[in-house]
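Trainee: Make a model of the complete structure from these sequences and hints.
Residue-level listing of the chains:
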Amino acid sequence: MSKQPETHEKELRAIMYALAESIAQASDEEILAEVREEGDNPEIAAEHIRSSLRDTAKVYQQQKLRAAQQQYDARIADMRHKEYALPTTPEARRTLLAAVFAQRPEMQMALVTAQYRDFTNLTDADVESQLKQLKELGVLDNLPTYGETKP
Amino acid sequence: MITPPPYRPPPALLEELGISEPQDIHIEAIAEYCGATIVYERLEGCEARIIGHGDQAIITVNNSSPRERQRFSGAHELGHWMHDRGKVAFACTDHAFAAEWSHDNPERRANRYAADLLLPRPMFSQYARRREMTFATVRDLATRFCTSLTATTIRLVELGSFPAMVVCSELGHRRWFIRGPDIPETLWPRNEVGLQTIARDLAQGAGAAEGPVDVYADGWIDHPDAHRYTVREDSVRITTRLVLSLLWWKDERQLSALENDASL
Numbered sequence: 001m002s003k004q005p006e007t008h009e010k011e012l013r014a015i016m017y018a019l020a021e022s023i024a025q026a027s028d029e030e031i032l033a034e035v036r037e038e039g040d041n042p043e044i045a046a047e048h049i050r051s052s053l054r055d056t057a058k059v060y061q062q063q064k065l066r067a068a069q070q071q072y073d074a075r076i077a078d079m080r081h082k083e084y085a086l087p088t089t090p091e092a093r094r095t096l097l098a099a100v101f102a103q104r105p106e107m108q109m110a111l112v113t114a115q116y117r118d119f120t121n122l123t124d125a126d127v128e129s130q131l132k133q134l135k136e137l138g139v140l141d142n143l144p145t146y147g148e149t150k151p
Numbered sequence: 152m153i154t155p156p157p158y159r160p161p162p163a164l165l166e167e168l169g170i171s172e173p174q175d176i177h178i179e180a181i182a183e184y185c186g187a188t189i190v191y192e193r194l195e196g197c198e199a200r201i202i203g204h205g206d207q208a209i210i211t212v213n214n215s216s217p218r219e220r221q222r223f224s225g226a227h228e229l230g231h232w233m234h235d236r237g238k239v240a241f242a243c244t245d246h247a248f249a250a251e252w253s254h255d256n257p258e259r260r261a262n263r264y265a266a267d268l269l270l271p272r273p274m275f276s277q278y279a280r281r282r283e284m285t286f287a288t289v290r291d292l293a294t295r296f297c298t299s300l301t302a303t304t305i306r307l308v309e310l311g312s313f314p315a316m317v318v319c320s321e322l323g324h325r326r327w328f329i330r331g332p333d334i335p336e337t338l339w340p341r342n343e344v345g346l347q348t349i350a351r352d353l354a355q356g357a358g359a360a361e362g363p364v365d366v367y368a369d370g371w372i373d374h375p376d377a378h379r380y381t382v383r384e385d386s387v388r389i390t391t392r393l394v395l396s397l398l399w400w401k402d403e404r405q406l407s408a409l410e411n412d413a414s415l
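The listed protein sequences correspond, in order, to chains A and B.
With our numbering, the residue at position 53 of the first sequence is 53, and numbering never jumps.
Every position in the second sequence, counted from 1, becomes a number in our numbering once 151 is added.
Just so you know, the hints here were simulated from the structure itself, not pulled from any lab data.
Since the structure is predicted, the reported quantities are computational estimates derived from the model, not experimental observations.
Idealized CB from N, CA, C, for every residue including glycine.
Incorrect hints may have been included.
Rough simulated footprint, nothing fancy, chain B against chain A, three-plus residues with beta-carbon under 8 Å [unchecked claim]:
hint, segment
1, 19-31
2, 39-45
3, 65-73
4, 93-101
Computed spacing ranges between beta-carbons, pair by pair [said to hold, decoys possible]:
hint, chain 1, residue 1, chain 2, residue 2, range
5, B, P332, A, T123, 43 to 49 Å
6, A, T56, B, T294, 28 to 34 Å
7, B, R218, A, Q70, 19 to 25 Å
8, B, R218, A, R80, 18 to 24 Å
9, A, Q71, B, R282, 35 to 41 Å
10, A, R50, B, T294, 24 to 30 Å
11, A, L12, B, H234, 53 to 59 Å
12, A, K58, B, P332, 28 to 34 Å
13, B, Y158, A, T95, 32 to 38 Å
14, A, R80, B, S312, 42 to 48 Å
15, B, P332, A, S22, 51 to 57 Å
16, B, E361, A, T89, 52 to 58 Å
Mentor: Here you go:
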């Protein structure tokens with residue numbers, strides 16, 4: 001008659017405890033001799049265990065960092081493929097950005113004055129890039145519609 | 152979706168994310184954790200910009216800059232974000248990264264934040280210990296931490312093992328300087344860099360300097376007896392107008408003697 005899985009687990013756990021207890025009670029010399037008998041180098045084995053423990057600790061400690069990296073990768077992929085409903089002509093896009101700056105003059109001062117000194121010097125590519133980012137951040141959502149927009 | 156934490160000084164942020172080695176300082180992931188997404192685009196007229204709204208921001212970094220500059224730019228904008236979240240918009244020029252290290256303003260605060268994040272004190276001290284105070288050392292450390300020459304030089308002066316000072320000059324006129332902790336506050340660099348210095352040669356259009364040389368201290372230090380002492384100077388041009396100089400008192404007895412003269 002086969003044993004129940006729970007009984008197996010109890011037996012295995014008992015063996016592991018006994019092994020751990022036997023190692024805990026053994027002297028350093030006995031442990032080193034046993035490792036050498038097995039044909040292993042104790043220094044290499046110890047370093048291997050230390051390295052494994054370090055790696056495991058690092059994986060645990062960097063959970064938030066990995067989650068942030070995954071979120072970043074997903075966001076970049078999403079932004080790359082997203083279609084932003086912006087005016088289709090450069091002139092209309094420039095008008096829309098001017099409207100944003102009229103509402104947020106501190107933004108114009110920071111983004112235009114420092115970079116170009118004058119709004120008219122902004123390139124079309126820069127206007128479009130800034131509008132996409134403002135849209136992505138939700139700044140455009142509460143603005144009245146200016147100029148031509150994509151449906 | 153990660154909820155961005157409130158302001159965190161760089162050491163706390165690094166600890167929270169389990170970062171203890173230079174190769175783990177992934178600036179994109181760190182910024183994303185703080186609610187700021189870094190994108191790379193062609194930029195004209197500036198190195199980086201940030202647009203923030205609510206608890207989210209987008210940092211745009213010049214895609215044609217070297218990787219070290221890009222990382223510093225990203226960390227610099229993150230510094231703006233952490234200090235001024237919710238009402239932030241900045242466009243930062245190359246000049247701001249190189250020249251804004253002394254006066255207390257948003258650019259300096261952002262530069263300090265970036266330096267503390269990308270060149271953390273405990274990690275940097277470990278790698279800078281007993282290293283010569285020269286640009287050869289700076290370049291080696293900059294490669295290990297993937298950081299710019301200016302930021303790494305400042306860190307070496309602050310955390311290195313030997314007494315040194317970094318001076319940034321613009322066409323021979325001192326823009327800013329930072330003393331190492333072992334340099335007495337009584338010693339000030341001259342406002343006008345002396346004629347017998349490598350920095351002055353570079354400002355006057357000379358080619359690249361060939362490593363550190365000993366020069367008379369009166370070329371650099373504003374002190375009546377400075378001509379009796381020497382200092383090891385290593386200078387490099389960092390922009391068309393700016394020269395960065397590392398001054399190292401390799402013979403520390405000369406620094407003590409000069410300090411004693413200064414206290415007379």
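Trainee: Which hints from the list above does the structure break, by number from lowest to highest?
Mentor: 1, 2 and 4
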